[in-house]
Amino acid sequence: MSAEQGQRQIRCLVAKVGLDGHDRGAHVIARALRDAGFEVIYSGLHRSPDEVVQAAVQEDVDVLGISILSGAHNTLVPKIMDGLEEYGARDDTMVIVGGIIPDDDTEFLREEGVAEIFGPGASMDEMIDYIRANAPERR
Amino acid sequence: MSDGASEGTGDDSDPDSDATATAADDLDPLIADLLDGKHRALARTITKIENRSPGYRDLVSQLHAHTGEADVVGITGSPGAGKSTLVDKLAKTFRDDGLTVGVIAIDPASPFTGGAVLGDRIRMASNVGDMDVFFRSMSARGTLGGLSTATTDAVKALDAFGKDKIIIETVGAGQNEVDIVRTADTVAVLVPPGSGDDVQMLKAGILEIADLFVVNKADLDGADRTVRELREMLELRDGEVQTGGHHGFEEMTVDVGDDGSAPADSDGVSDESTDGAAREAVEPWDPPIVETVANKGEGVDDFVAALDDHRRYLVESGRIESKARTRYAEEIRTLLREDARELLANEIEARGGLDERVEAVFRRETDPYTVAEEILEPLVDCAADRRN
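Just so you know, the sequences run in chain order B and P. Each residue of the first sequence is one higher than the one before, starting from 0 at the first, in numbering that gives the first Met the number 0. Each residue of the second sequence is one higher than the one before, starting from 0 at the first, in numbering that gives the first Met the number 0.
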C-alpha cells in the first residue's frame with residue numbers, strides 16, 4: 000500500500016531519441032522502474048529532441064532517462080538539454096543517459112548537465128537506487 | 000526552495016500578459032504563471048494536484064474563478080478499443096480548427112508497487128511537437144475516489160490555462176473510471192467490434208453515462224453486428240425509461256462516493272427538475288452511434304460532429320448548467336467526505352487508536368455500533384452547538 004494520499008511518486012520518462020531502433024533495453028528499464036514503484040512514461044521509438052522535451056515538460060517528470068545506441072548522443076543530448084532550459088525544466092529534471100556511450104564522451108555529456116551515465120553491464124538495482132537517492136526533491 | 004515552478008518564469012514572457020500579472024498579485028506565483036500561459040507552471044500544478052502536496056487545495060481554489068470556459072470530453076472503453084488513437088486524431092482535428100487542447104490520459108497503476116507504465120502518449124503521433132496540445136499521463140494511484148478528485152482538479156488547471164477542449168481518457172472498467180468520465184460534459188464510450196461480452200458489461204455500467212457510442216475499428220468483421228447490438232440495447236433502454244420520464248436517468252446514479260451515502264443523491268437530481276421548462280422545447284438526447292477507424296482517421300469528422308451536436312444540445316436545453324451544478328454539488332460532497340474521513344482519523348488517533356476498542360468488541364464488552372457512536376458523539380455535539 001505505497002499509494003496512499005499525500006504521497007509523492009517519482010515520475011520517469013524513458014525516451015528513445017533519433018534514428019535508433021533498439022528499444023529492448025528501454026522496455027526492460029521501463030518495466031524495472033515500474034516494478035520499483037515509479038510512474039514510467041515511455042516515449043516510443045524515433046523521437047526528436049523536441050518531442051522528448053515536450054513530453055518531459057508536460058509530464059513534469061523527475062527523471063528523464065535517454066536511451067541512445069546510435070552514437071549520436073553528443074548531438075541529441077545537448078539539444079534536449081537546451082529544450083529543457085527553454086521551458087525552465089532543466090534544473091529540476093534529472094537527466095540520465097543509457098546505452099553505448101564511449102568513455103571519451105562521458106565528460107562532455109556531464110558538462111552538458113547529464114547526471115549519470117549507465118552503460119552496458121549497469122545493474123537495474125544500481126540505477127533504481129541512484130534514482131531514489133538523487134531524484135530532484137521538489138515541492 | 001520556495002517554488003520549483005517559479006524557475007520557469009524566465010523564458011518567453013508574454014507582452015500582453017501584464018494585465019493578468021497585476022491582477023494576480025495575491026495569487027500564488029505558480030498559478031500566476033499558469034494563467035500567464037507557462038507550460039511548466041501548468042505541469043507543476045498538475046503534479047501538485049496529483050501528489051496532493053501541501054497547499055494544493057489553495058492552488059485549486061485559486062484556479063476555480065478562471066474556469067468554466069472549456070468543453071470537456073470524456074472518452075472511455077475497454078482496453079485496446081482504440082481510445083488513445085482516437086484521442087490523438089480528435090486532438091488533431093481540434094487543432095486544425097484552431098482550438099487548443101488538453102488531454103488527461105489515465106492508466107492503471109500496480110496495486111502492489113504503485114508503479115505504472117503510462118503508455119498512452121505513444122499514440123499521440125499526430126500532435127508531436129505541438130505544445131498547444133498539452134498531454135498529461137496520470138496513473139490511477141491512490142485511494143478510491145481520490146483519483147476522480149485529482150482528475151477534476153487537473154481539468155480545472157487545464158481549463159484555467161485556457162484550453163478550449165479538454166479530453167479525459169480512461170479505461171472504462173469499474174466505478175472509479177465511471178466517476179472520472181462523469182466530470183466531462185460529453186462522454187463517448189468506445190466499443191470495439193465483436194465485443195458481445197463487453198456490450199453486456201456496458202449494459203450494466205457505462206451505458207448510462209454514454210452520450211454517444213463509438214464503434215471503433217469499424218473496418219473489422221463484426222462491426223455491423225456491434226452497431227446493431229448497441230442500437231437494440233439503446234432502444235430497450237428507451238423503452239425502460241419511458242416509465243420514469245426521459246430525463247434524469249443519467250443522473251440517477253450520481254453518487255460518486257465509495258461509502259454509498261445514498262441520501263446525497265436526491266439533492267443532485269433536484270437541480271435537474273428546476274429547469275424542466277427550458278428543456279421542454281429541446282428534443283431529448285438520443286445517444287448516436289458513430290463508426291470510426293481511428294488509425295486511418297476515418298469517421299473522425301463524424302465523431303467530432305456528434306460531439307458538437309451533443310454540446311449544442313447541452314447548451315440549448317440548459318443541461319450544461321444543470322450538469323455543472325450537479326457536478327459542483329458532487330465535488331463538494333466528495334471533498335467533505337475526504338475531510339470528514341481525515342477528521343475522524345484524527346479523532347480516533349487522539350483517543351488512542353482503535354486497538355483497545357477492537358479488543359473490547361472482541362471480548363463482547365461492547366459492539367461496533369456503540370464504539371462508532373462514542374467516537375462520533377463529541378463531533379456531533381460540536382456541530383449541533385455551532386449550528387444554533
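Simulated from the structure, these hints should not be mistaken for lab results. This one's a predicted model, so the numbers in the text were calculated from it and none came from an experiment. Incorrect hints may appear among the rest.
[What the hints assert, rightly or not] Residues from chain B that face chain P, not an exhaustive set, calculated with beta carbons under 8 Å:
1) 7
2) 37
3) 39
4) 58
5) 88
6) 112
7) 115
8) 117
Cβ coordinates follow ideal geometry from the N, Cα and C atoms, glycine included.
message: Quick check on residue 115 of chain B please, does its C-beta sit within 8 Å of some C-beta on chain P?
response: With a minimum Cβ separation of about 21 Å from chain P (threshold 8 Å), the hint on residue 115 of chain B is violated.
- prompt: Was the hint right that residue 112 of chain B lines chain P, CB cutoff 8 Å?
  reply: Result: violated, 14 Å to nearest chain P Cβ.
- request: Identify whether the interface hint at residue 7 of chain B stands, where standing means a beta carbon of chain P within less than 8 Å of its own.
  value: holds, 5 Å
query: Close enough to count: is the Cβ of residue 39 of chain B nearer than 8 Å to one in chain P?
result: Hint on residue 39 of chain B: holds, closest Cβ of chain P at ~5 Å, below 8 Å.
Satisfaction of the residue 88 of chain B interface hint, Cβ to chain P closer than 8 Å: holds, 6 Å
field: chain P contact restraint on residue 117 of chain B - CB to CB distance below 8 Å
entry: violated, 19 Å
- request: Let me know if the C-beta of residue 37 of chain B comes in closer than 8 Å to any C-beta of chain P, holds or violated.
  value: OK, holds: residue 37 of chain B within 8 Å of chain P, min 5 Å.
- prompt: At a threshold of 8 Å, is the proposed contact between residue 58 of chain B and chain P supported by beta-carbon distances?
  reply: Holds. Min distance 6 Å.
Hint compliance for this structure: hints 6, 7 and 8 are broken, all remaining hints hold.
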